[in-house]
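> Sequence:
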Amino acid sequence: MLLLASALLLTQVDAESIRLSKADIEKLGNKYGSKAKLRLETWQSLLTELANESESNKLERVNNFFNQVRFIDDIKHWKKKDYWATPVEFLITNGGDCEDFSIAKYYTLKELGVPVEKMNLAYVKALEYNQAHMVLTYYPKPRATPLVLDNINGEILPASKRTDLLHVYSFNGDKLWLSKMGRRTTLVGTSDRLKPWVKLQSRIENKDLNLR
64 MLLLASALLL
74 TQVDAESIRL
84 SKADIEKLGN
94 KYGSKAKLRL
104 ETWQSLLTEL
114 ANESESNKLE
124 RVNNFFNQVR
134 FIDDIKHWKK
144 KDYWATPVEF
154 LITNGGDCED
164 FSIAKYYTLK
174 ELGVPVEKMN
184 LAYVKALEYN
194 QAHMVLTYYP
204 KPRATPLVLD
214 NINGEILPAS
224 KRTDLLHVYS
234 FNGDKLWLSK
244 MGRRTTLVGT
254 SDRLKPWVKL
264 QSRIENKDLN
274 LR
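Basically the working numbering = 1-based index in the sequence shown + 63.
Because the hints were derived from the structure by calculation, they are not lab data.
One thing to keep in mind: the hints can contain errors.
[Stated by the list, open to error] With a straight-line cut-off of 30 Å between C-alpha atoms, the simulated DSBU-like cross-links for lysine-lysine are:
1) LYS270 <-> LYS142
2) LYS188 <-> LYS224
3) LYS100 <-> LYS144
4) LYS204 <-> LYS121
5) LYS121 <-> LYS258
6) LYS262 <-> LYS224
7) LYS142 <-> LYS98
8) LYS100 <-> LYS142
9) LYS142 <-> LYS181
10) LYS98 <-> LYS270
11) LYS90 <-> LYS139
12) LYS258 <-> LYS143
On a predicted model such as this, the values are computed, not experimentally measured, just so you know.
Whole structure, please, built from the sequences with the hints as guidance.
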């Protein structure tokens, strides 16, 4: 039974991993070009380079890495009103919207060992732009004011300093909260209520490396 449990655990970890083999990268490079291949190689190298760094360094480096990618609206980029891209899709196409930036940072930090319990994907309203927006929030401690990782403002700041953002709700691997000033206020259910999130998780776990 112990051996079976260990095998199941290893299977789960592998299923959730965003690491790519050299063969995967070569295949994707042949299909999508040398620049796409280089972005994937740099990303995978970053995972190795940051493995033993502090969480604060991981946050800074991962935030800066993905904020280099172009912002492109879903309608223009994917010909869809709302599409949540995997980190691979985001990097191959060198573009995406706020959800894609936040998702790529979430999964990369998760791969680097940052506990899911410390992170939330947060739906907010960007007041200066008067539009819905998504950021990644990080809680150093459960009751602490979270830090905000954002593609609009590249500086990692406490949510209390981001008065340009109105927090609405947030979620992570399996939970969904209402939120205020970045804080989780009321647990309202599970994140499987968010269909785009469920579809995204399925594509990542099934190692779907083809663009939509």
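> All hints are to be evaluated individually against the structure, with a verdict given for each.
Against the structure, the hints:
1. LYS270 <-> LYS142: Given that 30 Å is the threshold and the Cα spacing comes to 23 Å, the pair holds.
2. LYS188 <-> LYS224: Satisfied, since the Cα-Cα distance of roughly 15 Å is no more than 30 Å.
3. LYS100 <-> LYS144: Given that 30 Å is the threshold and the Cα spacing comes to 27 Å, the pair holds.
4. LYS204 <-> LYS121: OK: LYS204 and LYS121 at ~16 Å, within 30 Å.
5. LYS121 <-> LYS258: holds (29 Å)
6. LYS262 <-> LYS224: Answer violated: LYS262 to LYS224 is near 33 Å, above 30 Å.
7. LYS142 <-> LYS98: holds (23 Å)
8. LYS100 <-> LYS142: holds (24 Å)
9. LYS142 <-> LYS181: Answer violated: LYS142 to LYS181 is near 33 Å, above 30 Å.
10. LYS98 <-> LYS270: holds (21 Å)
11. LYS90 <-> LYS139: holds (26 Å)
12. LYS258 <-> LYS143: holds (15 Å)
Of the numbered hints listed earlier, those contradicted by the structure are 6 and 9.
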